[in-house]
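Visitor: Below are the chains, spelled out letter by letter.
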Amino acid sequence: DVKLVESGGDFVQPGGSLRLSCAASGFMFRDYWMTWVRQAPGKGLEWVANINQDGSEIYYVDSVKGRFSISRDDTRSSLYLHMSSLRAEDTAVYYCARERAGGHTNDAFDIWGQGTMVTVSS
Amino acid sequence: QSVLTQTRSRSGTPGQKVSILCSGSSSHIGRNPVSWYQYLPGTAPKLLIYGNDQRSSGVPDRFSGSKSGTFASLAISGLQSDDEAVYYCAAWHDSLNIWVFGGGTQVTVL
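In the order they appear, the protein sequences are chains V and X.
Residue numbers for the first sequence follow my numbering, so the first one is 1 and each next one is one higher.
Residue numbers for the second sequence follow my numbering, so the first one is 1 and each next one is one higher.
Honestly, I wouldn't trust all of these hints.
To be verified - The calculated DSS-like cross-link candidates involving lysine-lysine, where the alpha carbons are at most 25 Å apart (straight line), are: (1) K3/V x K46/X; (2) K46/X x K17/X; (3) K43/V x K46/X.
Note that these hints are calculated values from the structure, not bench results.
Same shape as in the complex, but just chain V (with noise of 0.2 Å):
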């Protein structure tokens, strides 16, 4: 089967750190670009970070750059965020999914985990 599988979620407050971690299972994690996306209590969904294959190209949106740090570990097919600064805006839940490779760019993410609820809060 295959799998995504996020932990490591938890309440902060403001200003500190929390680490994410998403574990792959059931196909070469290697292969893949790899994401985080986040839905915000009554929002909607927004793109976080990706890496590539090799972790040569990292790519953030502004809100979290400086912030966030994705990385990846393929001997253990898992995939992390380092969040640190977080702000009450950080509270979400975040999601990993897996990007399909389309024609001259990946085009979609065909297969995401069940999320991580990260609560940032005095």
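Start from chain V and add chain X according to the hints.
Guide: Chain X only, in chain V's frame:
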């Protein structure tokens, strides 16, 4: 405010056809494939359509996608109660090197 624009809500009775529009620009929809997702609260988003008009594995043919220029649409025919969910479109933004989503469309089955 989302980069891709979607109607906030659509509704229909069982058996009807509902269409959801997603509008963008030449930086994303006009240049790259659009995908569509079905989201139910408390569950993981589910890929419905990739590459503008290709159904993901296991998705019934009641769901269809299309794209013209900087507009994409998702049509749900033979509406069923199970289709009540929020639907999102997404595309890669070439200039900013980010993925962008629409704000989501709530589909209600009356």
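Visitor: Each hint needs a verdict: does it hold in this structure or not?
Guide: Verification of the supplied hints:
1. K3/V x K46/X: Between K3/V and K46/X the Cα gap is close to 13 Å, so the pair holds against 25 Å.
2. K46/X x K17/X: holds (20 Å)
3. K43/V x K46/X: It holds: about 17 Å lies between the C-alpha atoms, which stays within 25 Å.
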